[in-house]
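*Asks:* Going down the list, the sequences are from chains A and B. Under numbering that gives the first Met the number 0, the first sequence is numbered contiguously, ending at residue 172. Under numbering that gives the first Met the number 0, the second sequence is numbered contiguously, ending at residue 304.
Derived by calculation from the structure, the hints in this document are not laboratory data. These figures come from a predicted structure and were not determined experimentally. Incorrect hints may have been included.
[As the list claims (entries may be wrong)] Coverage of chain B stretches by chain A, computed from C-beta distances (three or more under 8 Å per stretch; other residues unrestricted):
id: 1; stretch: 37-45
id: 2; stretch: 80-91
id: 3; stretch: 128-140
id: 4; stretch: 235-241
[Said to hold, decoys possible] Each pair of labels, with its calculated beta carbon distance range:
id: 5; chain 1: B; residue 1: F35; chain 2: A; residue 2: R97; range: 55 to 63 Å
id: 6; chain 1: B; residue 1: G203; chain 2: A; residue 2: R97; range: 41 to 49 Å
id: 7; chain 1: B; residue 1: R190; chain 2: A; residue 2: I124; range: 39 to 47 Å
id: 8; chain 1: A; residue 1: R97; chain 2: B; residue 2: Y69; range: 32 to 40 Å
id: 9; chain 1: A; residue 1: R97; chain 2: B; residue 2: E39; range: 39 to 47 Å
[Said to hold, decoys possible] Below are the SDA-like pairs computed for lysine to any residue, each with C-alpha atoms no more than 20 Å apart in a straight line:
id: 10; chain 1: B; residue 1: K180; chain 2: A; residue 2: L94
id: 11; chain 1: B; residue 1: K9; chain 2: A; residue 2: R57
id: 12; chain 1: B; residue 1: K180; chain 2: A; residue 2: V123
id: 13; chain 1: B; residue 1: K142; chain 2: B; residue 2: V127
id: 14; chain 1: B; residue 1: K9; chain 2: A; residue 2: V147
id: 15; chain 1: B; residue 1: K9; chain 2: A; residue 2: L127
id: 16; chain 1: B; residue 1: K9; chain 2: A; residue 2: S96
id: 17; chain 1: B; residue 1: K180; chain 2: A; residue 2: T37
id: 18; chain 1: B; residue 1: K180; chain 2: A; residue 2: L127
id: 19; chain 1: B; residue 1: K180; chain 2: A; residue 2: G135
id: 20; chain 1: B; residue 1: K9; chain 2: A; residue 2: S62
id: 21; chain 1: B; residue 1: K180; chain 2: A; residue 2: L144
id: 22; chain 1: B; residue 1: K142; chain 2: B; residue 2: L200
id: 23; chain 1: B; residue 1: K9; chain 2: A; residue 2: V123
id: 24; chain 1: B; residue 1: K9; chain 2: A; residue 2: P55
id: 25; chain 1: B; residue 1: K180; chain 2: A; residue 2: S96
id: 26; chain 1: B; residue 1: K142; chain 2: A; residue 2: Y138
id: 27; chain 1: B; residue 1: K9; chain 2: A; residue 2: G136
id: 28; chain 1: B; residue 1: K180; chain 2: A; residue 2: P55
Backbone N, C-alpha and C fix where the C-beta goes; we use that ideal spot for every residue, glycine too.
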Amino acid sequence: MQTTYSSSRILQPVRPFFIALSLIIALFLNFLPTASITWIPDWVALTLVFWSIREPRRVGMGSGFLLGLAMDVADASLLGQHALAYVVVAYLAALLSRRILWFPLSQQALHVLPLMLVGQAVQVIVRLAPGVDFPGGGYFVGPFLATVLWPPLTYVLLLPQYQPIEHDANRPI
Amino acid sequence: MDQQPPPFFKRGPAPLARLSFYAALSTALLFVDARFQTLELLRSTLSLITYPLHVAAHAPIELLSNGGQYLTGITRFQEENSKLKRDQLESASALLRLRQLESENTHLRKLLDMRERQHVDGIVARIVYAARDPFSRRIVVDKGQQHRIEAGQPVIDEAGVVGQVTRIFPFVSEIALITDKEQSVPVQIVRNGLRSVVFGLGSGQLELRFMPANADVQNGDVLVTSGLDGIFPVGLPVARITHIERDTSYSFARIFCEPTAGVENYNEVMVLAKRQPEAIPEEALTSKVKTVAKPGQKKKRLKRD
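Bound conformation, chain A alone:
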């Protein structure tokens, strides 16, 4: 695995423990009492998208569903609202996983933006159906922030997989 396919650095295989840890940390960040700030990005969705792209065989719709249920309970929202959004987002991310690594990080982030927007839109549609008010434009700022956060997040989450550069390995003669 590489950071992007154009990069020459080969990454170490990911540890399943680290995936679980990062998802739990994302849940923790979502549980922080930030109810009054609507534009905070959805950390769980972002981390889920990341692992669905990098490791589509380990993280996917199943983990998305479970994380979504945990979020629904924590948020006091309708049970299944986050679950549905995360499942859809994980599916779309898995579809993108073959393609997205051909792009540099900034363009990868642009691929992530529609995913995050779809995630929020699914939740709005789910809630508007039984007749709840539109939560305001601030609700859709989160996905844009998440897009900006994609490159640093990629760096942080791939950090344990980087190998030290061995100058001897690719020296000609």
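We have chain A; now place chain B onto it with these hints.
*Replies:* Only chain B this time, still in chain A's reference frame:
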């Protein structure tokens, strides 16, 4: 011969099949949760699993606020202390009078052969956090099933009604604020005893609905609970009218109110015990509806004293 593909190619069901499965499952959950409210067990189990994470997430915030309090210094505490002492003195006279009035009231009630007003107990609970759901107004407090909280109990703070317990979990419970869109409280205007129902707007405001355009309602009128729902005790302040729109093209006036309690603030609240259902007096059961209305009116007049 066994023609199995090597395990490397085994990837389970196709992604689209998995998507349909999970999407169908979530939609089913959504539907069941929205229509039947039968998933409370699943909800409380999940909340129990994520409880340590919740505690961990709120620990730093608590630490910060506690640390902040520690550092604010002695002068602020002294000020607060003197203010509290003053408040206590001020309320002491009212309290003394209240006791006398209460005894007088019970005495009069006995004379009139009426049921005594219920005394309500409560549990003080601390608000842990406001639920992150931007579509609703809910808070979570630190008392739950373990503290014998039940769904439906009214919640107040020192200034008035805050909301109602909607869901209970083992250690915490969820309170729908009166400003939530799905919450309504039967109220009564203190000035003239006009009864109505106040609805949450979801924006931190309340609306008094279904009042005719010529109803006797003024800016600044205080609304108290009428107790007709059998849930909220009688006479708790709920809201104050802030703005009235009277448009002759509609038959109802649009009346906006502001909650008197610090509904959207982080504070301590009190969860009141459930009201015991009042038995219908025997004579009322036998006689006609007309006679039932009379003691009700008398009761109201007495309470306002």
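*Asks:* It remains to establish, for every hint, whether it holds in the given structure.
*Replies:* Hints, one by one, checked against the model:
1. 37-45: Contact hint for the stretch 37-45 of chain B vs chain A: holds, 4 residues under 8 Å.
2. 80-91: Answer violated; 0 residues pass the 8 Å Cβ test.
3. 128-140: It holds, with 10 qualifying residues against the three required.
4. 235-241: violated (count 0)
5. B/F35 <-> A/R97: 55 to 63 Å: Violated, since B/F35 and A/R97 (Cβ atoms, about 41 Å apart) do not stay within the stated range.
6. B/G203 <-> A/R97: 41 to 49 Å: 47 Å, holds
7. B/R190 <-> A/I124: 39 to 47 Å: 45 Å, holds
8. A/R97 <-> B/Y69: 32 to 40 Å: 55 Å, violated
9. A/R97 <-> B/E39: 39 to 47 Å: The hinted range 39 to 47 Å holds for A/R97 and B/E39, with Cβ atoms some 42 Å apart.
10. B/K180 <-> A/L94: 38 Å, violated
11. B/K9 <-> A/R57: 13 Å, holds
12. B/K180 <-> A/V123: 16 Å, holds
13. B/K142 <-> B/V127: 10 Å, holds
14. B/K9 <-> A/V147: 36 Å, violated
15. B/K9 <-> A/L127: 40 Å, violated
16. B/K9 <-> A/S96: Given that 20 Å is the threshold and the Cα spacing comes to 18 Å, the pair holds.
17. B/K180 <-> A/T37: OK: B/K180 and A/T37 at ~18 Å, within 20 Å.
18. B/K180 <-> A/L127: 13 Å, holds
19. B/K180 <-> A/G135: Distance ~15 Å between B/K180 and A/G135 Cα, so the pair holds.
20. B/K9 <-> A/S62: With Cα atoms ~19 Å apart, B/K9 and A/S62 stay inside 20 Å; holds.
21. B/K180 <-> A/L144: 29 Å, violated
22. B/K142 <-> B/L200: This hinted pair is violated, its Cα atoms lying about 27 Å apart.
23. B/K9 <-> A/V123: 36 Å, violated
24. B/K9 <-> A/P55: Judged against 20 Å, a Cα distance of about 14 Å means the pair holds.
25. B/K180 <-> A/S96: Measuring from Cα to Cα gives roughly 41 Å; hence the hint is violated.
26. B/K142 <-> A/Y138: 30 Å, violated
27. B/K9 <-> A/G136: 44 Å, violated
28. B/K180 <-> A/P55: 40 Å, violated
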